[in-house]
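Required output: the full structure, derived from the provided sequences and hints.
Heads up, the sequence shown is in the numbering used here, so the first residue is 78 and it goes up one at a time.
Bear in mind the hints are in silico, worked out from the structure with no lab data behind them.
Note that this is a predicted model, so its numbers are computed, not measured.
Glycine residues also receive a C-beta, built at the ideal position from the N, C-alpha and C atoms.
Just to be clear, a hint being listed does not mean it is correct.
[Stated by the list, open to error] Label pairs and their computed distance ranges (CB to CB):
| hint | residue 1 | residue 2 | range |
| --- | --- | --- | --- |
| 1 | Asp254 | Gln193 | 40 to 50 Å |
| 2 | Lys125 | Thr243 | 23 to 33 Å |
| 3 | Arg179 | Leu145 | 31 to 41 Å |
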Amino acid sequence: MAPDEAPVVTGPAVRSNRTPLEGAFVCLTDDIRRTNRPRLAIAVGDVKDYTGKYSQDEGSTITQGGALMVYSALGKLGNTVQLHERFDTRIAELELAYTDRRQLGDGKGHIINGKQVVPWVPYFGGSILRTNYYIVGGITELNYNIQSAGAEGYVNLIGPKARVFTLNVGVDLRIIDTQTLVVVKTISLEKQIVGYEVGFNLFRFFGSNLFDINIGTKSQEPLQLGVRTALEQGTLDLVAAVYGLNAKPCVDAAIKSGTNGKASEAANSPPPPPPAPVASAPAPAAGPVVVAGDKQSAMVPENADGGAGGRLLQVPFEFGSTALDADAASAIEKIAAAAAKGNPVSVQIIGRDSETWSPQKRQDIAAQRIRAFADALTARGVQPSRIRVQWRPDTSDQGIRRDGAGYQVFAIILIT
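Structure (structure tokens):
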């Protein structure tokens with residue numbers, strides 16, 4: 078990291094923390110949106126480790142961050158729920174205390190009583206929004222070695238060995254009505270964690286030399302990933318219950334499809350050729366996306382209103398899909414109508430922010446979506462020569478460009 082330092086080993090790049098339930102969150106989010114119900118305000122209380130398992134060498138065996146995992150799980154539901162902070166309110170309470178003592182300012186003057194200008198921020202109450210529900214619970218089980226098996230065989234002190242083992246964790250969660258403190262639903266889930274070990278040993282004399290050689294491998298499913306997956310499924314079940322929905326079909330479909338949910342089909346398809354009718358233009362400088370003829374896209378909280386749409390011209394694609402659905406077709410009709418007037422039109426190709434592909438795969442999917450969009454515009458009378466790619470992710474891009482709650486930008490297309 079510096080000329081006089083020893084070399085530092087760096088491993089793989091940072092990535093989104095994915096679980097086998099990513100597709101289930103997308104599925105439930107779509108189900109909630111179809112109900113057209115108002116967003117529910119949900120907070121998370123303490124989700125503690127109640128197993129009592131502790132190692133003097135390694136500390137707590139089970140993660141102490143259960144509440145943080147539940148908060149992250151709720152965040153995967155995008156803007157269908159409104160997250161409220163109740164787990165760590167120390168900074169907010171401190172600033173409210175400063176405000177109460179007239180010590181908190183924002184660098185501006187404020188008029189009170191209709192005439193007096195003061196440097197402190199006046200507070201009239203009611204700025205903290207109420208919640209509808211909150212989730213609490215804990216990790217309640219950690220059972221070691223609920224089943225194990227193995228075998229070894231040697232001939233002349235030469236032979237293989239193999240061993241498999243299983244442990245499990247359990248979580249108990251509940252969702253509570255904030256106003257009445259009525260427990261709306263409880264959930265108890267368990268997750269088995271599996272591991273294996275295989276090897277080959279050689280221990281014998283060759284002439285006057287003694288050889289002792291051991292070769293093998295050992296692998297175990299990450300224990301804390303198992304805890305996170307169980308907490309995520311519990312969160313899905315609880316949120317679905319307060320919306321009057323059933324999360325089981327979404328969970329079953331995600332598990333059946335694999336880690337990436339609906340994306341498994343796209344993952345197995347060959348990379349498409351680059352879109353022929355679309356010419357590349359220089360990529361804009363890094364920073365917030367600016368759309369021609371419109372205001373700059375503002376940074377917003379992860380669960381703020383807006384989501385996909387708003388003031389920008391956008392074409393949405395569902396998780397892992399490269400086909401235009403009804404929402405995308407409707408957006409393209411409006412874009413074609415605007416392009417027919419001869420004015421420049423800038424369009425964002427957007428998808429779910431849970432689509433955390435590798436850079437190369439993301440570029441391939443972006444190319445397929447650009448082609449589908451360009452073909453649809455051409456079919457509506459827009460000349461291919463007018464359609465240009467203004468920006469799309471490079472293979473060196475490790476992160477994503479978020480666009481409001483639950484969405485990311487895959488490409489920016491300019492219709493000249």
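Please list, smallest to largest, the hint numbers that this structure does not respect.
none
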